[in-house]
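Participant: Whenever a hint applies, use it, and build me the whole structure from the sequences.
There are 2 protein chains.
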Amino acid sequence: MKLGAKFVGVKLGILGLGTVGTGTVQLLQDITGRHPLLQEIEIYRVGVRSLDKPRAVELSTEVLTTDLEAIVNDPAVDIVVEVMGGLEPARSLILKALSNGKHVVTANKAVIARFGAEIFTTANQAGVYVMIEASVGGGIPVIQPLKQSLSVNRIHTITGIVNGTTNYILTRMQTEGSNFSDVLADAQRLGYAEADPTADVDGLDAADKIAILASLGFSGRINLQDVYTEGIRQVSKTDIAYAEKLGFVIKLLAIAKRDTPSSPLSVRVHPTLVPQAHPLASINGVYNAILVEGEPIGQVMFFGPGAGAGATASAVTSDILNLVAVLKTNTAVANPLLACGHQEYCQIAPMAELITRFYARFLTNDQPGVIGKLGTCFGNYGVSLESIVQTGFQGELAEIVVVTHDVPEGNFRQALAEIRNLSAIESIPSLLRVL
Amino acid sequence: MKLGAKFVGVKLGILGLGTVGTGTVQLLQDITGRHPLLQEIEIYRVGVRSLDKPRAVELSTEVLTTDLEAIVNDPAVDIVVEVMGGLEPARSLILKALSNGKHVVTANKAVIARFGAEIFTTANQAGVYVMIEASVGGGIPVIQPLKQSLSVNRIHTITGIVNGTTNYILTRMQTEGSNFSDVLADAQRLGYAEADPTADVDGLDAADKIAILASLGFSGRINLQDVYTEGIRQVSKTDIAYAEKLGFVIKLLAIAKRDTPSSPLSVRVHPTLVPQAHPLASINGVYNAILVEGEPIGQVMFFGPGAGAGATASAVTSDILNLVAVLKTNTAVANPLLACGHQEYCQIAPMAELITRFYARFLTNDQPGVIGKLGTCFGNYGVSLESIVQTGFQGELAEIVVVTHDVPEGNFRQALAEIRNLSAIESIPSLLRVL
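One line per chain: the protein sequences are A and B, in this order. Just so you know, the working numbering puts 214 at position 214 of the first sequence, and the rest follows in order with no gaps. To get the working numbering, take the position in the second sequence, counting from 1, and add 1000.
Derived from the structure by calculation, the hints contain no laboratory data. Cβ coordinates follow ideal geometry from the N, Cα and C atoms, glycine included.
Chain B regions said to be covered by chain A (calculated; three or more residues, Cβ under 8 Å):
no. : stretch
1   : 1135-1149
2   : 1289-1299
3   : 1307-1315
Here are some chain B residues pointing at chain A (derived, C-beta under 8 Å):
no. : residue
4   : 1037
5   : 1282
6   : 1325
Facilitator: Rendered as structure tokens:
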């Protein structure tokens, strides 16, 4: 149903009946005590891979189909709900649905982060909406607040714990003093991590999500390749323990930051030492949280379940509900807060220009004057140190941990290159940024 | 401008130029880097008490007026922004503005909590919107998520720290081990508490806010008199210290809870022992947080500055922005997610039927068997105890602290009446609910 058509209820075509699709159907089939507008929604078609699979929800045989193309081409379908995941055929089906004048609700962060430009352009041309609340933060309402409430602010920073798997792993490493690989194996056994954990533990999922959040918060498109991405495989229990002693916890943060409206944007995902008193430091386990800082609002944080059938179904259905409400107003004119309003790409700052604090751990031959040599090398590149601690020994080698003050990353790297050449330095096992 | 009229920019009539009004004008006069839609807003009239007062913002003499009636009657004004506070003339001016076909944005929790029924009825009859994001939680987007996102859930519980002054006082009592009256006096000196602190410390402000949140979350009107309200004057540093030993912090919570869609609602404000691991336990100082629990979403929490010129201006302006966006769509049909959709009053459960845990502190004569007698009295009324600790002495008297399991409040009160008559019981200085 295009904007402005007479409202006669809304027919959904749902693509996919996995975890999120099933959760969404369950919610829509059990609407007592929920928003009354949900009564006006009909689950009209659900596209699945196989009709024979046993299902947790009951759907009549006319509703279920394996022909997903037919759903996005069906003139009776008003809203296509893409909850199949993956890049293709999801992308093509979304584009086809939009071209056919259907609104789209999707939970697919990978498709939006990679193909958002063509998807939103197609939607604007067709005069329909693409709703993506479920793409970041599971059930947490964060997309809508960014688009509709917080955009009156000059946003400075969006900082998120947006990947539940890595937060679960880091939390367990912290509380149990365990190794990454042991906790990962256990998380896989318990279903908190996938058999192929790459997208989560290497930060790719978080990169998709911060690209989406940054695009909304800073009103510009983001090239996913521009998002610096570092995962948590290199985080050791040793560093978690040192961080704790220094007053920090280690979290995989997704950060988008812009100092002034005309500065380039810094967008990045990396493990980060977070001060223990910081609001994000206490977000543990599979929970997600997104902290938004802007002027004049200050800090606001959104916290909740970052994944799971129910939470994601809540976000998907809230998007459907908002579309139903808009369709009821029978207007042909797009609401500028729901449509995508930016076509330009954000200018992204190179990592060398990032201003941040660093944590580094050095293994050194226990020679007198090592700390002095480190300090001199750092000083040569304008790196000033907040703390420098000789923490202990690993066999013959002395372990030195350094936390810097704010410094351009490029300067720090140059100092580090020089330090690597010092005869006293055996290795630099860890290098982490500090919030 | 009524819904459906041709869009030619939006003229604001702002009532009041105190902290929030000034913050809003400052935001609207400095829009670089904010949502581009703000360009379409004109600060057309600002109503003040005196024209001669020095102001932090520059406004031309045609804009400033002392005739507030004239603003709400001016046919050129599209949106009235009520940021004057107080009950009258705010209520009458809002009603007049609505009757005149103007949309209203208000930060006035007191007026909405008391006169919401007539205000929303008037708005619905006139086909205009009343936007109240700033009425709860300062800058935190919580009203819009409740109305537009979370309403697909069956909401069970809304639990908020919604009064910054009391949270600031309790946080300082906790960290400094100070008395209520000392911290209050200091908070007044520092501007964190009003000269007349009644509305804050007696829980009245929090009651207004939970009435508003409950109304949205549970889709019914709330009689403010039905909100059980207890402030923090009785919270002693002794109880804060005992609570800490038992694993709790004491917070002034505003709670609305409904077990099933057909159960009566419990709505209340009282100091509460919150388990240290609970998400609300770490909300300190003047910050606010609202935790919403529902099915299927689980828990989501919204955290941020609960007051202040900038934060509140952000919320006020986000409401204005949303109205501008709706007005641009030129539709005469109201969006059901923005209009108030309920006319019925919620049925409120009496406090005697509340099921909760209790913390109680007893001063007893140090006779053998006192604990046994306490246990017997509690047992007579089905009150089972989670812990009972003889904690120390106050002069001649022994101090006993009890935490119960969940129990109907009525039963607990009956047991307490019996306990009060025991000869061994000198007094019951503290009685607090436990989350």
